[in-house]
Every structure is written in C-alpha cells, then in structure tokens.
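Here is what each chain is made of, one letter per residue.
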Amino acid sequence: MSMAIDLATVWAFIIAFAIFVYVVMDGFDLGLGILFPLFPAKRDRDTVMNSVAPVWDGNETWLVLGGGGLMAAFPLAYSVLMPALYTPMIAMLIGLIFRGVAFEFRWRTQSERNRWDIAFAGGSWLAAFAQGIALGAILQGVHVQGRHYAGGWWDWLTPFSILTGVSLVIGYALLGATWLVLKTEGALRERAYHLCWYLLFAMLSAIGAVSIATPFLHIQYAQRWFTWPNVALTAPVPIAVASIIALLLRALSNKQDAQPFPLALCLFALSYAGLGISMYPYVVPQSITIWQAAAPESSQLFMLVGVAILVPLILGYTAWAYWVFRGKVRGGYH
Amino acid sequence: MDLARAQFAFTMSFHIVFPAFSIGLASYLAVLEARWLLTGREVFLNLFNYWLKIFAVGFGMGVVSGIVMSYQFGTNWSVFADKTGAVIGPLMAYEVLTAFFLEAGFLGVMLFGLTRVGPRLHFLATLMVAIGTLISAFWILSANSWMQTPVGYAVNADGQFVPDSWLRLIFNPSFPYRLVHMVLASYLTTALVVGAVGAFHLLRDQHLAGPRVMFSMAMWMATLVAPIQIIAGDQHGLNTLAHQPVKIMGMEGHYQSHPDGAPLILFGLPDQREGRVKYALEIPRMGSLILKHSPDAPMAGLDTVPRENWPPVPITFWSFRIMVGMGFLIFGLGLFSLWCRWRGTLAQSRMLHVFALLMGPAGFIAVLAGWITTETGRQPFTVYGLLRTTDSVSPLAAPAVGSSLVAFVIVYFVVFAAGVIYLLRLMAQPPHPGESGPPRNMPTRTSGITPVVEGIAQ
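Line by line, the protein sequences are chains A and B.
Residue numbers for the first sequence follow our numbering, so the first one is 10 and each next one is one higher.
Residue numbers for the second sequence follow our numbering, so the first one is 610 and each next one is one higher.
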C-alpha cells in the first residue's frame, strides 16, 4: 500500500509539472495572440508571430501530455473532470484550432491574412479564458456521485470561474509582453515595456482577488492556509511573491531585456504552487483524492519508466531548439 | 449516444487523413534531403523545400485535429476512459513522450533552421520528425489494435481493465498486421499525391526537372508497394478471420452460413433487417478459397451470431469494397507506369499523367474506407467482445453533445476547407529553381541558386 501511495504522489507531481510547463510555455505564445490586436502593423505582427513560430508546436504538446497523462495515471479523475468541464474544454479546443492553423495559414494568403490574424487573436483569447474558467471550476469543486460526474450543464459558470478566466488571460498577456521584451527590438520593444507595466498591475490585482476569494470557497482551503502548523509552510509563498514583484519592477525600470520574462515565469510558478497547496491531495477538490483516482500500480510504474528516461531527453532537445532560435528576432525582412 | 458517436466519427475521419499524409510525406522529405546531401543536385533541394511548405500546412492541421481527439475520450466517452484508461492511457502517454515531442521539438528546426544549424544537423532534424511520425503510428495502432483484439489484461473490482502483461498487451494479435497495413497505406497515399502533382505539371510542360523527378519517384513507390500492400492486406484479413470472425462476415456480407464453401460476393445490397444480400453478384466457393485457402471449407455466417452483436453490415460491406477497389486501381497505375518507364515514355505519356492525376485522392479514399471497415466491423463494441459502445459513453445531456457537434462541424469545414485550398494552391505551382523553404514575411524571390541562405533565416 505504501508503494501505491508513493507512486500516486509521484504521478501527481508529474502531471502537475506537465501542466505547469504547458501553462508557462503555451502561456507566453497564447499571450502573444492576446496582445495581437494591440499591434496592428503587419510588420510588427510578422515579428511577433516569428518569435514563436519555431517552438509553439512543442509548447502545445505539453497540453496533450497533461491530458493524456491524467487519463493514464488518474483515469477516474479524467472521466469525472472532462464531462464536468465539457463546455470550457470544447471552447478551448476550438480556440486552439483557430490559432494553431493561423500560424501556417496567414503566410499562405494575401487577401485573407486579416481573417487569420483575427482567428489567431480570437482563438488565443478563447483558449486562455476557457482554461482559466476550467481552473476555477475545478477549484470550486464538482458534484460527484459514485464514479460519475453528477452536476449540471452550467455548473462551471460562476463569478469565481469568470474571475479565474480573466486572471489567466491577464497572466498570459503578461508572459507574452515580457517575451516580446526579450525577443524584439526598437519601437516594438518599447511598446512591450509599456504594456508590461499595465499588465503587471492587472496581474497583481488578479492574484490578490483570487487569493482572497479562494478561502471562501471551502473551509478546507482556509484551514490549509491559515492554521498552525501549515502557516509555516504557506507563509513563504506570499513573501516570495512580494520579492519577485520587487525584482520585476526594478527590471522594468532599468530596462534589462533578459530579466522580465524569467521573473514573470517565477510569478507563475509561485501562483501555481499556491494552487497546489490548496488542492493537495485532491485531484477533484473535496471529492476524489489522488489515491482514489490512481490507475493500478502496474500502469503507473510502466509509465514512470518512460517519464524518467524521456522527459529529461525532451527537455534537452526542446532547450536545444530554443537555443537554435535564440536572440532577438529581426523586425521586417529576415 | 448517437450524437457522441457521430461527433467522434466526424472528428476522427477528419483527423485520420492528415497523419496518413504526414507519415508518408515526412519519410519522403527525409529521402529527398538525403539524396540532396549525397548527390548535391539542386533539384532535390528544390523538391525538399517545395514539399516542406506543403508538409507544414498539413502537419498543422493534423496537430490541431489530434489535440481534439485526445480530449474527446474524456468529454464524450468518459466511461470508456474510466474503464480502459489504465490500459489505453499509458500507450497514448508513450505516444506523446516518444513521438509527439520528437516531432514538435525538431519541426521548428526542420522548417526554419537550415541556415542556423547547417545541412547535417538539419538532416538529423528531418530524420527525427520522420521517425517521430512512425513511432506515433506504432503506439496509436497498438492502442487501437488492443481494442480490437484485447489480450494481456485483467478486470478489477471496479470493472476497470488493468494491465497484466504489457508485452502481450502492446504486441496484441492484430497489431503487427494493422501497423504494416497502415504505414504502407500512408506511403502509398503520399506517393499518389506526389505523383498527381508531378503529373499535373508534366501535362503542362514535360521538361520541368522537378516534376519529372517527383513523378518518377512516386511511380516507383506505387509499382513496388501496391503489390506488397495487397499481400499485407490479405494477411491482415486472415488475422481478422482468426480473431474477429464476425467482422469478416460483415465485410463479406455473409449473413448465411455456408457448410460446403462460401461464395465471394462481389457486389450486392446487404439488407440488415432481412439478413441477406439482395441482388448479389457472386463467385461460388471463391470466398472459402481466399479466406481458408480451400474451396470447400465451411464458413459460419451471421446467422450463428445473436442479432444484437451484428455489425452494421451495409457500411462495412461497402467501405471494404471501396478500399479494395482503390487498392487494385493503385496496383494498375503502378503496372502502367512500369510499362511506360520500360518504353521510355514516363515523362511523356499523357494517358499515364491523366490517370495519375485522377488517382491523386485515391489513397485518402482507401484509408478512410479501410478505417470505416475496421471500425464499423467491430461494432457494437469499443473493446471487442467486452465493452459495448452503448456502455462507454459520457453521462451527458444530448443538447450538450449536439451543440458541440454542430460547433465542430462548422469549425472543421471553415478551417479545413481553407487549409485544403491553400494546399492545392501550393501544389498548383510547379517547383522552380531556387525554391525557398516555408517563408516568413514572404520575401521577394532571391536571385541565383543559393536558396539555402534565403527565407528561413531570422
């Protein structure tokens, strides 16, 4: 039994890691789509698009790993959560379709380019908002009976889930803006710096609002954060958030191009850790724990071998691909 | 239930054609680049860049339709996901880990990286993408085959399938046959598209170097692989007879048992309600000869199977005939091209070019028809003989599934119609000297014969 417990926990961390990598990697390229309407010039749009064209595919693969891994390691959770999140999931998929094909299609046509630009921006907005709603819907908990989702068709839609939806759109936009600071030059970079300031303050309000609202959802969340001895573990999170923000403000003032993006990633990592602290050990909050949902040991073990060997390899060649396309993207002709 | 099934069939049908094309095209690109590196002939680099642009568009569509598939198991077939997740899930996770990341990780370098990493590392990236597509076929067909011929599993107290022996489970009885059949089908599908594009340009101008080379390569593929595919298909059929005899009954339209040799029904109208094939045109005892290699071998029919376990025979019967028909047409094209090649008229014969042009979509039709045959033939089960389709579906209200089906239909038609138009537009232009790779910013054509430095650098 203790073996199974360890495996399930290990797998919870692996899935959490895959989803986190997805959130930050596809986060910044979804963020570029979210900011797309603010860059109306074709030359700027080409540059924005080119800054992620070689890597977006790999970014999105982490989403498939998160979904596939959840089905494989925690089939019960997957089969409960997916029907519960039906509409946001379908909306996210449709958004991802539009923005994904736009990467190729917009280069293939002169007359319809504007339409695919709209598809790229609209798809990114829709996907980001739907992911945020899904996150909120999971946090507020879903209605489970036996082994099935037993809630209604609109359960996912609440003020809280809309708050998380908006928050994620803001967060992704911040990642996108800091990425542009890193990858572009000249006027485009100046615009990106400008946007970073607004987005950073919007992001801080969002983090604040979600942090205040979460403990009111379930008494367990409040107990997790505010009772002794948990406080010893949870208190460092807000402290770390404050110091990252201080560093970020300094980097933006001093215009140090390389710093805002990694610092924004740290901000995401901390927010994500906060969510993890709230949820653990539930995979469907307040109803299904990771142990209840765990696939048989033989399945989890079989995959663990693959993950242990392949994920470092994947991270290696993904890093290589980023390295190949390092440096500033030249505007216009390149 | 019917809506969930319609949605899955619809999105799946769209999805299957893109990987079928990508698998073949990725290998073709690797061959083109290898020949360029070995011979230094510019025509191969031109062809590589020409098909690379087409690959990028097709691959993009395959990726997004694939993401939809991986989430649909949960949204529409959640009971199936709960029951088989421990078996199917790890296979798909391995597909993601070993194939999807490999493809996606090296795709960027393959598309835009030639000037940044140099030809050798670039070739490595192309190879990795090609190998990735093949590994992907390996895992997904293993998962599909397990649903057709499940072994190596146990059932736990919650009614979930749990793995017993991974080796037996992965290499389940129908897997090797299905894998070979599908990979060959992908190669043929790509060859037919390449051949049709080559033929299209040769019909306009017989002297274009690029179309001559691609047409010749494609016709070699059709000549050599079509006969192998027919043999592989026959072996796959015998394997199906051993493990899923009811599917064969559906494919052959054998409603009745034939104790002294079954006929081969060429055509006819299967009537599911009456349980017989109307207006059947048949060759006596040929069915037993093909399937059992003996004209008098007895063969059981659907009258030995309870009606609630019958597959939808009219669909299975006809899709099978369409697939086989396409197979023999491709075989015919291969023979015809061989004859022209021998007479030295491969680049001149208008009749051959028109034939090859018309056969352009034949591979897609055959793949779709074959897919429909195998997937309807195993109904009414999702896990053959063990889990019924009706017991796999999500507990969702029909309006939810219905509205998402409508959404997908609209989105797919808008997106994929545009994609196909862009693909056809790319194909309508002949490859020319100094062909550039996937363009960023569509620069004006660079002059001279140094395409390597153009278009792809950032």
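Derived by calculation from the structure, the hints in this document are not laboratory data.
Computed from a prediction, not measured in an experiment: that's the story for all the values here.
Worth double-checking, as some hints may not be accurate.
[Claimed, not checked] Once the Cα atoms are required to be at most 20 Å apart in a straight line, the calculated SDA-like pairs of lysine to any residue come out as:
#1 A:K51 / A:Q154
#2 A:K264 / A:G315
#3 B:K901 / B:L875
#4 A:K337 / A:Q265
#5 B:K887 / B:F876
#6 B:K901 / B:H852
#7 A:K337 / B:H852
#8 A:K337 / B:T724
#9 A:K337 / B:D767
To see whether the hints hold, each was checked on the structure:
1. A:K51 / A:Q154: violated (53 Å)
2. A:K264 / A:G315: Violated, at about 42 Å.
3. B:K901 / B:L875: holds (17 Å)
4. A:K337 / A:Q265: holds (14 Å)
5. B:K887 / B:F876: holds (9 Å)
6. B:K901 / B:H852: holds (14 Å)
7. A:K337 / B:H852: Judged against 20 Å, a Cα distance of about 58 Å means the pair is violated.
8. A:K337 / B:T724: holds (16 Å)
9. A:K337 / B:D767: violated (55 Å)
Checked against the numbered hints given earlier, this structure breaks hints 1, 2, 7, 9; the rest are met.
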